[in-house]
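Engineer: Here are the chains, one letter per residue:
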Amino acid sequence: MKKLLLLGLTAVLMLASSELWAQEKVVSGRVTDAEDGSGLPGVNVVLQGTTNGTVTDANGDFSLTVPSDAGTLVFTFVGMATQEIPIGGRTEINVVMAADVSQLSEVVVTALNIPREKASLGYATQQIDNSAVSTVKQQNFLNSLSGKVSNVQIRRNNNFAGSTNIVIRGNKSVTGNNQPLFVVDGVPVDNSTGNSAQQRAGRYGYDYGNAASDINPEDIENINVLKGAAASALYGSRAANGVVMITTKKGKARKGLGISISSGVTVGTIDKDTFIKYQNKYGAGYAREWFEFYGPDGFFVDNDIFGTGQTGLVVPTLEDGSYGAPFDPSLNVYHWDSFVPESPNYKKAHPWVGATHKPDDFFETAIDWNNSIALSGGDEKNTFRISYTNFDSKGNMPVQSLKRHSISFNGSSKFSDKLTGNLGFNFVTHDAIGRSSTGYGDNQMANFRQWWEVNVDVKDQEAMFKKTGRNVTWNGGDYYNPTDPIFWDNPYWTRYKNFQTDTRTRVFGNFSLNYQAAEWLNILGRASMDTYRELREERRAVGSVPTEFGINLADEGSGYQRTNRDVTESNYDLILTANKQLNTDLSISGTLGGNIRRETFSSILASTQGGLVVPNLYSLSNSVSTVPNPIEDETEKEVYGIFANANLGFRNMLYLDLTARNDISSALPVTKNSYFYHSESLSFVFSELLNADALDFGKAYFNYAVVGNDTGPNRTTNVYTKNDNFGNTVLFSYPSTVNNPNLLPEELTSIEAGLELAGVENRLKFNLGLYKTISSNQIVAVELSKATGASFKWLNGGEIENKGIELSLGFDVVKNADFNWNLTANWARNISRVNSLPEGISNYQINSFQGGVSLNATVGQPYGVLRGTGYKFLNGQRVVSPSGYYVAVADQVIGDPNPDWTGGVLNTINYKGLSLSFLVDVSHGGEVFSLDMYYGQATGLPAHTAGNNELGNPIRDLVVPIDPLDLSKGYAENSGGILFDGVQADGSKNTIRARADYYGGAYYWGNATRNPSQMNVYDGSYVKLREVALKYSLPKSILGNVFQNASLSVVGSNLWIIDKNVPYSDPESGLGAGNGQGYLSGAYPTMRTVGFKVDLGF
Amino acid sequence: MRKIILTLVITCIFWACDDRFAEMNKPTKAAVAAPAETLFANGVNEMFYMMNNSNTNINVFRLYAQYWAQTTYPDESQYNMVTRRNPDFFWRGAYRDALKDLDEAKKITEETWQSLGITEAVRDNRIAIIEACKVYTYQVLVDAFGAVPYTEALDPEILSPKYDAGEDVYNAIIDDLDAAIAMVDVNSDSWSETQDIVYEGDTGAWLKFMNSLKLKLAINLADVNPGKAGSMVAEAVAGGVFDSNDDNASIQYLDAFPNTHPVHEDLVQSGRDDYVIANTIVDIMNNLNDPRLPVYAQPLDDGVTYEGGVYGTNNTFAQKSHIGEIFYTPDIEGLILDYAEVEFMLAEAAERGFSVPGTAEEHYDAGITASMEYWGVDSGDIANYLANPDVAYTTAAGDWKQKIGVQAWLALYNRGFEGWTVWRRLDFTGFNVPPFGGLTYNDIPKRFIFPISEATLNKASLQEAIQLIGGEDSATTKVFWDVN
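Here the protein sequences come in this chain order: A and C. Just so we're aligned, residue 1 is where the first sequence starts under our numbering, counting upward by one. Just so we're aligned, residue 1 is where the second sequence starts under our numbering, counting upward by one.
Rather than coming from a laboratory, the hints here were simulated on the basis of the structure. Wrong hints could be hidden among the right ones.
With a cut-off of at most 27 Å between alpha-carbon atoms, the simulated DSS-like pairs for lysine-lysine come out as follows [stated by the list, open to error]: (1) K418/A with K580/A; (2) K29/C with K672/A; (3) K722/A with K29/C.
Fair warning: this is a prediction, and the values are worked out from it, not measured in the lab.
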């Protein structure tokens, strides 16, 4: 591969050198716009076959010295049809250029990087151009797709530099990967997160982001989304979830060197609607009566704490909840800082009031810098583009940054009339510090949202950390030494001392040779590779609260863990393409090819154990106890595929497309490792038959496809697990996941039909797609009853059905020379259903989460339903217990995270050089479970847990029955508590008031009999003003000759969540990409960003 | 021409790859075979872990036995089994972590013993020891859940193993144990000293364990099947049960994680202060002037007063007696069956009229003595204690069940599961009711509910199992032997 790259580079450089000329003459003239006759500035004028050229001036005039025997001038301008004018004996040449009207014969890049005329395709694709990902730029370009492509469901999770979940047309695999395949210029690019199993289950861990986020939005020319199986059958099994095909920018023949510079800065602040709003009436504690020794009211410790002979009230720092004493500014008590010698409040009592600086103030302003430069150029034979981008992002929490450098090169050279070489090369490095810890682990959001004392001032915590450098926390465990942390570290300690880092170095690219053997036959040979290595390091500083950490996930007060990952995929393709017009009516084209894919994965995970000996030294050798057995992973997989494709066209109207492919995969048992699949599609351009004025274009298509799939490597042979020795005793155990030597390939069957229309002079475009996919014979690591002696076993079986409808509409509401208004809308609905699971299994647990809820594939239900304790219903009403709480019933389906429909509306308004666009992104329906509410309400944090009831009394006041022995007599006028809406066991309306004065009351997290988990399930719908961009392109009159283009933009993203129903959170938040969706735990708030950007082209 | 080349290429691809592919898909960093002794040692280690740990997600029996109380989060003391799915994790520890490794060790032993060059007698001893450990674990499972998979368990080919009624499992494992006892040849070796972390290869010690285990099975059966229980007791005693603390089935934990005593993880490594000793046991020990109290618990700041946390609700760590200092050390012993327990069972057997040498009182005194010696109480204090009229067998309050029950329970302090079980069997009084959510004495669990995951992973079998235990999967449903 290296050699190939060198050869390619040399070739490109050599051929770029210029030539000498003999006798000369000057040709001059004017280029005008066909529409209004005005002069066109900035048009490239090049002598064909040379680098000799010029650009028209502000009036459209040009002048060029050419050899006297020169042949042809080529005039090119973006958006205009290229003109080729033979010079002959002339010295003056005037040219009229017209807009390119070939949009209906749009060419799109399809599977295997084969360009095809869109009209001939019998399946759905949707293309978006560079501006969609580069105007309002995101850390992860995937986020820019949200709301822009129908039925591409994006969930961005809000984790800093975190992963984005992307699912096209629903989840198809029970346990496998449901993310689409990413392909850059024909190179499949790895998009794994490598997030740990416990991170995905909502426990300790960091979200390391999608690997596809290495793709630099500045280098993207366009993105084509292949949604269905027929579209992607040629990619084989991996494309079952759709393909995101990315074409990068290439150099073009032009005069001189093209330089484009883009520079932008974005600032971000949290959207407070997506963060908890605290109650400000009651401070630390869980309840009054549990602490009989706590002061006269049972809220504070009442003791001679400093041995002064005088007792004083001490805040119960141990209790990480806020069901304590009502605030009283006249009451002086000892707070956490009264025990810190460095504090001005040392040994001093101060007023019992709510915090001035709430955890909202923990967040900082995020800043992203994005600078890039690209050079491009070329002549008729050679073109190149090289770019460098520097992305520098500072997150919104302390010690949080991501730096990314991207270098990209694309070159193409015509070695002869028949032989063309292409080289694409990308080099990306990134360094991240302080990514978001997710879930219930060591996560400040879990701290702030679930376990907090609203009397704690975060800025005081910051000041104390910065002053002492110690882990002086608000959450002291020992009442004699309350600064010794018990459950939660000082949040600043966590950020400054317990951070992670990761670095990745990645190279991906391809080299291809294209040989035009005959006019009708093309042979393409291509080698491509994507390879990266990564180092992930996680740290816990000496003095932290012990939490699960390291390989054995033991409670560790300090430690170090590192993971080295090497991921490589290479592809070798040989593709023969034939094209023949048989007669005036019939054309035929075909492809025959072979592919060898080789994947290697290597990782080693190692950690310290028992803590660190020397503080601040993060190395494995600094372990207190023996370093546990590292976890090594070394796998390789090869897939050999042969494929063929035939496309028959009749009168540019009727197209039949057939594909067939056979793969042999090393991951399947040798006796059953070969599998065949195919697709058939038909496209009918019926507008060719009709002669309706209103209809410019009309096409109907239909396709059927069957796609096979293999599995990951090393799943066919059983292995034993080596545990750490017990002294000198050697321990092995039976594996918790049982492999299976009898696995069969998976199968995905899909049918699809669609309609594409364009009318009213192409101002109105309409697409409709209908599809149904059935994924069957799935390879699933089925969870077993542990009575089998194992936890999981790889099995075949199970079927998931997805069907849906997608619509998109484009409308040029206003279209004239100066003023254009385009509206593009899309809408999609996907319905999934788990038809069956491997025999004997009625439910598959995708993830088991904290809070007694799990995410499941349940037969007869949509994929991914939430299960847990549910309400008990009587005649459709929720049943309330004799204590006034909702009654719980075990193991119910309590929510479905799949949205009912998704959609987006994009408006683009252009007036002269001014362009305004705004995107509204909608996801309707779909439910989420919030662990933040499950615990956060039970600890009395959010505002509504300290409100008033319908009697006008604080709900936290005691419930006062008129007759405690007969609750039917009602309650006193001053009664606190909550009256839940529902019925009593006999069906009569509930009249029993529930207590809300302690953690175990109305908002208790629940147990088997009451307060079901379902109380914390919310509708995940949202309507968001996702992007707003205002761009001003400087007119040519100002630009003069130096610039080809220049623009200034002001952009905003996530400016306004117009509507949502999840309290205090963004329904999109989550743990990260993957199948475990619909679960909020320690959710990060949404960042609103506003940016400014300058683009210059020379 | 093109066709020929392609045909050649395709043929090469198809033919050349099979061997290469088979090799490629073989694990290179994990063992496809492992020695039986390593699985045996792991299974035994897991069996001890499951019984000795105090993880709030797994083993909550020190709470159910009311030895310990919780501080900030008292859910488990209030018998919430759902939030943390305690039954699931305990069940998983028994089946997946302990039993499956033991079972696999047996299978590998049968397959490989000849290549190891050991005699048939050694092989039989090894298998007998494995069987005994499996019997131990199955008994715990039945005692915890009532009915559990036995005949179809431990086979990943059977995805939905059916449950067997508790009595049927008892009968089957009693047969297994008898067969194991018959296989033992005390004059031959068994497992190696290094791999046998309990008795270091002492076959005779394992035989005593098997007989003591038989006694334990018999005593649980005493109310429901006294005939069978009586003859089993006689056989066990004749075969030789534990007769000193040296016989205890214990493993010596080490001072570095992951081989520290599991309680150390929760009391020390966690950095948390979740547990204090419960008022239930402290109040009784205070009344009896029990010299084990300074071992079981730490005094308050005054250095002399012991005050237990209120069982079943929140307590402030700083204000209550902590768990004894010895439990804060990493390298103490873990126990699954001990001499004191055997003596109390013999006392019980005597009261039930079973054929055992000695009187109930002698065994009662021996049980107390064994426990006190184990915890390092000096002989003078032991004598004083035995002389205390509230302790002395003839004068202590209540019937024999009350007397033996309370003293056995006090002796089983660090063995929550057995402490809870002896309360269930003998029904002595003294347990408290958690002051929470209207709980009553009847709500104190008599069993673990079935694992929550079984409802989704093994539903049909679970439905049958619920019928096997009387139609309701409730924590207050009694297991089959708990008839009184």
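Engineer: Quick one, are K722/A and K29/C close enough, alpha carbons at most 27 Å?
Structural biologist: holds, 10 Å
Engineer: Keeping to a limit of 27 Å between CA atoms, is the pair of K29/C and K672/A held or broken?
Structural biologist: OK: K29/C and K672/A at ~25 Å, within 27 Å.
Engineer: Would you check the hint for K418/A and K580/A, treating anything up to 27 Å between C-alpha atoms as holding?
Structural biologist: holds, 18 Å
No hint from the list above goes unmet by this structure.
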